[in-house]
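Engineer: For this one, chain A is given, so just place chain B on it according to the hints.
From first to last, the protein sequence lines are chains A and B. FYI, in UniProt numbering the residues of the first sequence are 1 to 313. FYI, in UniProt numbering the residues of the second sequence are 1 to 233.
A couple of the hints might just be wrong.
As the list claims (entries may be wrong) - With a Cα cut of at most 27 Å, we get these calculated DSS-like pairs of lysine-lysine:
1) K200/A - K29/A
2) K206/B - K308/A
3) K54/A - K139/A
4) K54/A - K170/B
5) K162/B - K67/A
6) K48/B - K63/A
7) K29/A - K308/A
8) K98/A - K139/A
9) K8/A - K48/B
10) K29/A - K98/A
11) K98/A - K170/B
12) K308/A - K48/B
13) K306/A - K170/B
14) K162/B - K63/A
15) K29/A - K120/A
16) K139/A - K308/A
Keep in mind the hints are simulated off the structure, nothing from the lab. On a predicted model such as this, the values are computed, not experimentally measured, just so you know.
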Amino acid sequence: MTLEYPDKGLVESFDIYRKEKPSVTLVVKRDVTEPTLFRNSNHDRAETQEFGDKLHAQVNGEKFTSKERLTGLALLRGLDEEFVHEEYAYNEPETLEKSLNVGTITYGLAGTGDQDFAIKSRVVEGYTYTTDEYDLMNKETRNAVYESGTMRNEDGGQSEALFDFVKVQPGNDLVHFVTLEAATGPMLLYVLHNILNTGKYGARETRTGRNIRNDVLGIILGNHDTSLSTGELLMEYHDEGDDLRASIGEYVSDVSRTDWDVYGDFEDANDAPDWFERLQAVAAREADDADEVLREEFESLLEGAKSKLLDDD
Amino acid sequence: MIEQTFEATLYAPLFYSSSEGRAIRTQPTLSATALMHALGYRYFGMEKRYAELGDEATSPDYSHLADTSFFVTDMRPVAVQTDERTFRSTDFRSERHFTTNDPDIADQVAGTKSVPSVLENSGAAYQTMRNYVGITPGSTFEFTVWSEDELPDRPFFRMGIKQTGEIRAKTSDLDTLVLNKYLLSEVYGLSDELLAKLMERSQSFKRGNDPRLQHFVGPDPGFVRDWILPEVL
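The following block holds chain A by itself, in its conformation from the complex:
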């Protein structure tokens, strides 16, 4: 029933101070399955970045992290009412005691309310970019409807509320390297759960439904920081028409350090070991005992964190 974690890449228990930073990087492919709006400085389109002579949509990693954090929070509240303080609300921290949960110790939190405290995030999700071109000319213009469901009001007048967006179109992918540094096994389980169970990202997601499908292509473990960069992958190792998995394989094997263990579904990677298959099954809540295991793992992580962070006062 219990989980097995790898010897490399993780720390054994929650601690405030770390000299060593073993890291785990998840290679996540985010498939765009519905037109998705990632707006940043512009109201109607994504930020862009030029690689060579092609324009790619650029997406801030927090646009993914914040949605994934909420998925995690919902899981915690659903598993056990003891996991999240009843007065805690996402982004509204009061005191450390009320804000302490598996989500905040994993993704970090700054207390700007009644008490000053800072918990650094152990999860690093960098900027990411669409693998294919982002077409700025592909503007969708929409017309707001009246209560009647048409664009005419009761006097027959035309609706004047127009809006237009440039969305990232299906078929485009975003490769994202999600790194956990000095994380415990349960933190990896939690982050993996949140990635595998979040499907709605970007603006207007509450009305457009599931628009992204996340697929974990691989996992990289190292005694040191295993950070990788989507920008580097796309600028240096991937050209139009190239096979994405081949490019990822080439990139990872070129920059990998001797202490890395690379598992996954791309070139030069080893097949995923049993512990990772099991971890994914529990994280995706496909295993029969998933809830039980999740509850048990999070309980031990939270107890460890409380004893380090609250008893010292």
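Structural biologist: Showing chain B alone in chain A's frame:
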């Protein structure tokens, strides 16, 4: 003592508070204090504190840098673009973000239009917005590291607010050293006399509006090796 010079390429937007206030601007020279932490965490076993309480959480402390086994220059811009702009965020320590689609508000945040005199009484948007001006991917920098243990030929590290700046470096020949005055005087406690000599041996001294933004540009490498390094390492 090993001396290595690198050319670094940025692969994601980097935001860095060279000056703070309603607008956060990133100056093209990246500070040695940030580079010390980036390399220290990744390659030199520097201790990281994942939780801080009370004053520790709000005031910076660089004293631990003096105990490290390596020393770095500032990152000198070689080819840098700073036209990246993002309007967002409230307090940069919090997770709360704000995106505006109102060009007027954007102009006010960017400082190109006047802002209400009493910001705190002027409605939700004004008191919380900040403008981040960052550095664009593809920008390149030069820096030099002195250490007991050699760095790999192609080190990778992260810098900046929320660690968004992803940087890969490759070894290169030394062109121009840029040393950070704050690091030398406040962290390593170098005497005013030695700093004055260093200024005489430098091509120029660049001032900024924050103590951490004072740079010795182009000091004589021989003088740095013989006089500065023995003091800091």
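Engineer: State for each hint whether it applies.
Structural biologist: Hint-by-hint comparison with the structure:
1. Restraint check for K200/A and K29/A: the C-alpha separation of about 14 Å stays at or below 27 Å, so the hint holds.
2. Proposed proximity of K206/B and K308/A is contradicted: the alpha carbons are some 44 Å apart, above 27 Å.
3. With a CA separation close to 18 Å, the supplied pair K54/A and K139/A stays within the 27 Å bound.
4. Of the pairs offered as hints, the one joining K54/A and K170/B holds, with about 26 Å between alpha carbons and a cut-off of 27 Å not exceeded.
5. The suggested pairing of K162/B with K67/A holds, with an alpha-carbon distance near 17 Å, which does not exceed 27 Å.
6. Taking the CA atoms of K48/B and K63/A, the gap is about 26 Å. The hint holds against a cut of 27 Å.
7. Restraint check for K29/A and K308/A: not satisfied, since their Cα atoms lie roughly 35 Å apart, outside the 27 Å limit.
8. Taking the CA atoms of K98/A and K139/A, the gap is near 45 Å; set against the 27 Å cutoff, the hint is violated.
9. For the proposed pair K8/A and K48/B, the alpha carbon gap of about 19 Å is at most 27 Å, so the pair holds.
10. This hinted pair does not check out: K29/A and K98/A have alpha carbons roughly 35 Å apart, beyond 27 Å.
11. Of the supplied pair hints, the one linking K98/A and K170/B is violated, its CA atoms being roughly 46 Å apart against a limit of 27 Å.
12. A distance of roughly 15 Å separates the Cα atoms of K308/A and K48/B; the hinted pair therefore holds under the 27 Å criterion.
13. Proposed proximity of K306/A and K170/B is contradicted: the alpha carbons are some 43 Å apart, above 27 Å.
14. Under the criterion of a C-alpha separation no larger than 27 Å, the hint pairing K162/B with K63/A is consistent with the structure, at around 13 Å.
15. With a C-alpha separation of about 26 Å, the suggested pair K29/A and K120/A falls inside the 27 Å cut-off, and the hint holds.
16. Under the criterion of a C-alpha separation no larger than 27 Å, the hint pairing K139/A with K308/A is inconsistent with the structure, at around 52 Å.
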